[in-house]
Every structure is written in C-alpha cells, then in structure tokens.
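Each chain, written out:
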Amino acid sequence: MAILDSMLKGFVGGVHPPENKITEHGGIETAPIPKKVYIPFSQHTGKPACPLVQKDDVVKIGTKIGESEGYISVPVHASISGKVTGLISHPHPVLGCSLCCIIESNGGEEWEQSITENADYETLSKEDLVNAIKEAGIVGLGGAAFPTHVKLSPPSDKPIDTLIVNGCECEPMLTADHQLMLEQAEDIIKGARMFQKILEAQHLIFGIEDNKKDAAKIFRREGLEVRVLKTKYPQGAEKQLIKAILDREVPRGGLPMDVGCVVQNVGTCYAAFQAVAFNKPLIDRVMTVTGDGIKTPKNVLVRIGTPVIDLIQFCGGYTGKPKMIIFGGPMMGIAQYSEAVPVIKGTSGIIISTQAWDTEEGPCVRCAHCVDVCPMGLMPCEIYKFVQNKNFDKAKEYGVLDCIECGCCAYDCTARIPLVHYLKYGKNEVWRLSK
Amino acid sequence: MNELFVVSASPHVRGKMNIDLAMRLVIIALVPALSYSVFLFGIRVLIITAISIGASVACEALMQKMLGKKITVTDGSAVLTGLLLAFNLPPAVPLWLPAIGSAFAIIFAKQLFGGLGYNFINPALAGRAFLMASWPLFMTKAWLAPANGTLSGIDGITSATPLSLLKNAANYGDPSIIVRQLNDFDTIKNIFFGNIGGCIGETSALLLLIGGLFLIIIRVVDYRIVVGYLVSVAVLVFVLPTKGTLMFHLFSGGLFLGAFFMATDWVTSPVTHKGRWIFGAGCGILTIIIRIWGGYPEGVSYSILLMNVFTPLIDSLTKERVFGELSKKKGVKK
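Protein chains in written order, with the numbering used here: chain A, 1 to 435; chain B, 436 to 769.
Errors might be hidden in some of the hints.
In silico DSS-like pairs for lysine-lysine, Cα to Cα no more than 30 Å straight-line [stated by the list, open to error]:
| hint | chain 1 | residue 1 | chain 2 | residue 2 |
| --- | --- | --- | --- | --- |
| 1 | A | 396 | B | 709 |
| 2 | A | 213 | B | 451 |
| 3 | B | 505 | A | 323 |
| 4 | A | 126 | A | 197 |
Pair ranges (Cβ atoms, derived) [unchecked claim]:
| hint | chain 1 | residue 1 | chain 2 | residue 2 | range |
| --- | --- | --- | --- | --- | --- |
| 5 | A | 292 | B | 553 | 34 to 44 Å |
| 6 | B | 748 | A | 316 | 51 to 61 Å |
| 7 | B | 456 | A | 296 | 31 to 41 Å |
| 8 | B | 456 | A | 57 | 56 to 66 Å |
| 9 | B | 505 | A | 433 | 33 to 43 Å |
| 10 | B | 748 | A | 429 | 19 to 29 Å |
| 11 | B | 501 | A | 144 | 43 to 53 Å |
Example chain A residues on the side facing chain B (calculated, C-beta under 7 Å, incomplete) [what the hints assert, rightly or not]:
| hint | residue |
| --- | --- |
| 12 | 326 |
| 13 | 333 |
| 14 | 356 |
| 15 | 365 |
| 16 | 366 |
| 17 | 377 |
| 18 | 379 |
| 19 | 410 |
| 20 | 420 |
Think of the hints as simulated: they come from the structure by calculation, not from any bench.
This one's a predicted model, so the numbers in the text were calculated from it and none came from an experiment.
For glycine and all other residues, C-beta sits at the position ideal for the given N, C-alpha and C.
Generate the whole structure from the sequences, applying the supplied hints.
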C-alpha cells in the first residue's frame with residue numbers, strides 16, 4: 001500500500017477511522033447568547049493575553065479585554081455585552097485551569113462602536129491588513145490556535161509561492177468546516193484572496209477531502225484551483241497536506257514556509273475576512289456538537305467563552321449517562337473533566353460520548369502497525385519503550401520531537417497502548433531536559 | 436457539576452484489530468490445513484494437536500501463576516504456539532512428545548523471557564528445535580503415508596519425504612531417475628496439493644497459501660516478509676546448484692508454513708519496513724543453504740530461528756526515514 005500511496009503523491013501512512021459525520025447536512029444554527037461567559041486569556045499558542053478589565057467593568061461585544069503580550073500572542077475580546085463579574089481561575093479545555101474573565105450578560109446585544117463595515121478594506125496595505133488581523137485576535141481555527149498574523153509574516157528570505165487553504169477536516173465526526181464551506185464560501189474565498197495578497201503567493205490551492213465533493217464543487221465553480229484528496233486521516237495535518245498537494249516535504253524541525261508555503265484553515269480565512277471587512281474581532285466560531293451522548297447533534301455558531309453545558313442544553317441535552325466530553329475530534333481531542341469548561345477559539349468540535357475507552361494496555365507484540373500508519377515515519381513502538389525506560393536521549397534520536405500527535409499509532413495499536421500519551425510525555429521531558 | 440467524566444489520552448477511538456482477535460484469525464487461517472491433515476493422516480493428527488495445545492495452555496497458566504502474573508491464556512497466543520508446534524511434528528510421533536515440546540516452548544522460550552511480547556525467538560520453533568535435538572529419530576522418521584498417495588509423492592517410493600529423497604537420492608535407487616521423478620509435474624502437483632508425507636501442517640501448500648493470503652489481506656501478516664522469503668528462495672534456486680526445480684523448492688517442506696505463519700510472527704520479526712524485507716530474504720537464503728549444503732533435508736525452521744536472533748540488530752540498523760529528513764537521494768534543501 002505504501003508504494004501505491006507514494007505513487008499517488010499522497011503521504012505515507014495514516015488510518016481511516018469510521019467517519020460518523022452525522023451532522024454533515026445539518027446547516028449551521030446560532031446558539032443563544034449565554035447568560036455568562038468564561039473567556040480565558042490564554043486561548044492561543046504563545047503568551048497569554050494581559051487583562052485590560054477589572055471586576056464591575058461594563059463591556060460590549062467586541063470590547064478588547066486582554067492585550068497581546070509580545071509577538072506570538074493575540075488580544076482577547078468580550079463575546080457578549082454585560083458586566084465583568086470577576087477574573088478568576090476557571091476550568092480550561094487545554095490547560096486544566098487558567099485565568100478567565102467572567103462576563104454576565106445584560107441580555108442585550110450591544111456591539112462596540114468600532115465594529116462597522118469597512119467598505120474600502122481592499123485598499124489597505126499589507127501591514128495594515130496583518131495588523132487588523134492581529135488586533136481582531138485571529139488564530140488558526142483548525143485546532144492548534146496559532147496566531148494567524150505570525151503565519152502571515154514570513155521572513156523576507158523565505159518567499160511564499162503557494163497558499164494552501166485547508167478544507168480537509170479529516171477528523172472523524174466533525175463537520176463544522178464542511179458546513180462553513182457550504183454556507184460561507186464567498187467570504188472564505190475573499191479571506192483566502194486577502195491572505196494570498198498579503199503573502200504575495202502566486203498560487204492559491206484549496207485542499208478538500210473527497211467526502212466533501214459538494215464543497216469542492218462550489219470553489220471550482222468560482223474558478224479556483226481545488227485538489228480533491230483521498231479521505232484519509234490525517235490528510236488535514238499541515239505537513240501531510242503540503243506533501244499531498246505539492247509533493248514537498250517540510251524538513252524536520254522546519255515550518256511550511258521553509259518549502260515556500262503557508263497553510264490556512266477555511267475557518268481562519270472566514271474569520272480573518274470578517275475581521276478586516278467588518279472590523280469584527282474573533283468573538284464566535286462554528287463548531288460541531290456531536291456524539292452518541294447528545295440528543296440532537298448540530299453544527300452551531302457559538303460565542304467564545306460559552307460553557308459547554310449551555311451548548312449541551314441547546315442540543316437537547318444528554319441521551320444517557322455521559323462518560324466523556326471531548327473538545328476537538330475523536331483522534332486528537334482533549335477529554336474534559338468538567339461541564340463548566342468554556343468554548344475557546346481553537347475548539348472545532350465537542351463530542352459527548354456515553355462510552356469511555358477501556359484503557360488497559362497489553363504488552364507490545366511488535367505488530368508494527370504503528371510503524372505502518374505513522375505519517376511522520378516514526379517507530380512509536382520503539383520510542384514508547386525508550387520513554388518508559390526514561391531513556392530520553394534515545395527517544396530524541398528516534399524522532400520523538402517529530403511526532404505530530406495525530407493518534408494514528410494508538411488508533412491502530414493491537415495492544416491498546418496509549419502511545420500518544422507516552423510520546424507526548426517523552427516530548428515534554430526532552431524539552432525540559434534540554435533547557 | 437458533580438458528574439465525573441472519564442479523562443484519558445487521545446485518540447478516543449480505536450481500530451478493530453487487537454491481539455486476541457489477531458491470534459484467533461491466525462488460528463482460523465490454519466484450520467483448512469489442519470482439516471486436510473486429519474483427512475490425510477487420520478484422527479491421530481487431532482489427538483497430537485490437542486495434546487500440544489493443551490500442554491501449551493496449561494504451561495502458560497502454570498507459569499503465570501508461579502510468576503505471580505495475570506493469567507492471560509484467553510488471548511490465544513498459547514493456543515497458537517501449541518497449534519504451530521503440532522504443525523511442525525511428524526504425524527506418527529509418540530503422544531508424549533508434543534507435550535514436552537509445548538512445555539519447552541512456553542516455559543523456556545516464552546515465559547522465562549517475560550511472556551508475550553518479550554520472547555526473542557519463535558516459541559513453537561524453539562520447541563521444535565528442542566525436540567529435534569533430543570529425539571531426532573522421532574522427528575525425522577515418524578512419518579505416515581497420506582491416505583491418497585505415498586510418502587514421497589512418487590509411486591513406489593514409500594520411505595522418504597520429497598526433501599529427504601532429494602537430499603539422499605542415492606540411497607533409494609538411481610539418483611538421476613529419482614530427481615527427474617521428483618521434478619515431474621505429477622509429483623509437483625502432489626506436493627502442491629499436499630498428497631505427500633510430511634509434518635502435520637506442512638503438506639498442503641495450497642491450503643497454507645489460502646490461509647496466508649487471507650492474513651495478508653486483513654493486515655495480520657506483513658507481505659514484505661513473505662515476499663522477501665519466497666523471492667529470495669526463488670532467486671537462489673536459479674543461481675545455486677540444486678537438483679530441485681523452483682516449484683519443487685517452493686511447495687515442498689514447510690516453506691509456505693514458515694513464510695506465511697512462522698517468519699511473520701509479530702514478536703520475533705523486525706518492525707521496520709526495510710528490516711522486514713531483509714528478514715524475509717535472510718530466511719530464504721538460510722533455508723536454501725541448509726537444504727543444499729546443510730545436514731538436514733529441511734531448513735525452514737532453523738533459518739527462521741537464526742533470523743529471529745538478528746531481529747534487534749536489523750531493527751536498529753534499518754530505522755525508518757523520518758518525514759522531512761534530509762536524504763542524499765532526494766536532495767531536499769533547506
């Protein structure tokens with residue numbers, strides 16, 4: 001199979017879990033304004049934002065409540081209008097607990113005055129566009145939440161020839177990007193064109209998996225270059241996508257800009273366009289609420305900071321006794337310990353499951369399925385043993401830092417070993433020890 | 436808020452294949468060959484197999500109990516070891532022999548090294564090698580003629596299996612005539628379908644091929660080891676001075692049993708892609724060397740055991756190329 005795959009230019013490895021995209025034809029519904037939001041100051045890769053508000057401050061929708069700290073950071077904005085009732089440590093979907101701004105809604109919909117249509121956005125300079133994107137708090141909405149303005153400012157010695165717009169949504173169960181492409185194709189295209197202009201990239205290519213041909217058709221009709229890719233996880237991972245579309249390999253430890261490309265998620269294109277054309281900061285996003293534990297799975301437009309319990313109620317409540325709440329997709333999502341965690345910028349989906357994975361791990365029988373499916377060419381079965389034995393030098397030598405944590409190895413592990421868990425731990429230890 | 440949720444590491448979905456299922460599928464893939472063997476050699480085959488499996492499972496449970504481990508005989512690995520050992524025994528061996536072989540396989544080759552996943556050689560083959568060293572007469576002479584043919588696959592010669600006939604042709608008459616008869620289409624046909632004498636599970640190349648292909652399709656067996664093994668045997672048969680033809684060497688003895696079911700044992704074969712090609716090829720080369728120049732007519736089991744020992748070395752020398760690694764060939768520049 002590996003030979004066939006490389007002949008088809010795709011990446012080697014990967015798995016094909018059951019897609020279960022039950023909300024595929026759902027359309028996007030707008031969730032009601034929550035009574036309270038919990039907006040963390042750290043929602044992105046990089047330094048947390050620095051709070052600008054205090055208890056009892058009155059805020060409107062789009063009021064900046066946190067200023068970016070340094071270059072790899074973005075500001076945070078209020079997503080509802082009302083009163084700040086406190087800045088406290090609150091459950092956070094990624095960090096466990098983190099400083100959050102709690103805003104109690106006044107029931108109204110008052111927007112910050114500056115949020116008006118910017119008809120002549122096309123005349124803005126590159127620098128102004130990048131700045132507007134940063135000020136709107138835009139981050140990569142595919143999940144990693146890396147500040148978008150950083151990706152749009154490659155150093156001058158790394159010219160970008162191709163912008164890839166990522167509409168793969170290779171995670172099973174999630175359909176938010178798919179729906180967004182169907183409903184907001186026009187704005188996505190405008191956003192993508194804007195990115196292309198900023199990066200001065202000659203080519204703009206949309207990458208979409210072949211289970212979303214309807215979306216691919218829309219972009220083709222607009223005269224854009226669309227690559228329909230095989231539905232295979234992790235097709236939407238940056239490095240694998242570049243390999244599949246351009247047959248270029250991002251060097252180890254490198255970034256897409258090293259091979260002259262930038263990848264942006266469709267949701268990010270949409271949000272950035274809104275930010276520039278309407279001065280609208282990132283205060284809401286589209287996500288999928290699904291799983292066997294929820295009565296009516298939906299694609300919803302949600303305000304950032306909405307506690308997950310509100311969304312569960314909006315989607316009809318639990319079907320049975322919920323065992324797991326997962327933020328993100330089933331392959332890379334993070335299991336939550338509380339219903340109080342808020343939705344953040346990087347939350348692409350919420351899965352409510354009535355089943356929990358039986359985590360008893362067997363002995364490694366060296367079946368090498370993990371080696372076969374690893375899209376990074378790693379040997380997880382060897383690395384996890386080095387990590388278990390705390391032999392972090394060896395783990396590093398075998399490429400633990402190249403792991404993208406996609407989960408293919410653990411998905412296919414016949415001994416049910418939580419390989420991603422070991423590799424993540426190994427990565428952290430390697431980083432810690434090299435400091 | 437007072438609900439407790441399960442928090443575990445991603446991914447939160449898992450594939451269908453697991454160790455227990457894989458073991459059962461391998462056992463299922465071996466059933467056609469076993470059934471045919473019962474037809475060829477009689478109910479005795481079933482008794483030997485049952486004793487072998489029974490002893491294997493009993494020893495596994497006993498060892499795990501003694502070592503204070505969880506008893507995991509239901510995972511099917513001990514059953515498979517017992518079954519494969521029985522497949523490697525001549526059908527007329529005394530009934531205590533499989534029990535001793537199984538005991539050695541499980542106790543010394545598997546459990547003392549840490550149990551499933553930690554043994555460095557294939558337990559069933561270790562058991563066979565032990566029996567071969569201890570009771571060579573039973574292991575090389577206790578043949579039975581098949582119900583529908585002769586031991587050698589040739590009419591009139593009833594005291595040797597095809598491979599030993601090839602090796603010691605002079606003992607049975609005019610060597611050139613015997614070699615010609617062995618490479619005759621009718622004999623090859625008998626060998627392919629299994630209408631010859633031999634170990635319990637090795638006679639029918641056809642049924643082993645069907646079971647093996649099934650395992651390759653469902654990804655329990657890696658095609659690289661099998662292809663590497665068979666291709667290297669084929670190449671050497673052309674290159675080296677041997678009296679047997681290509682078909683004769685491929686279908687005779689336990690080659691298919693070894694290539695599809697024993698060399699591909701997960702635990703004792705390399706995990707890297709290149710390593711699996713090398714491992715398969717190494718098995719093939721050693722098999723032919725033993726068959727042509729060695730002291731035994733058959734070389735499959737020793738070739739695999741020898742390559743098992745090289746597995747850690749092969750793995751460490753054939754690491755996978757990490758995505759984005761600068762290779763001389765591709766010339767990826769920074």
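Against which earlier hints does the structure fall short, listed by number upward?
none
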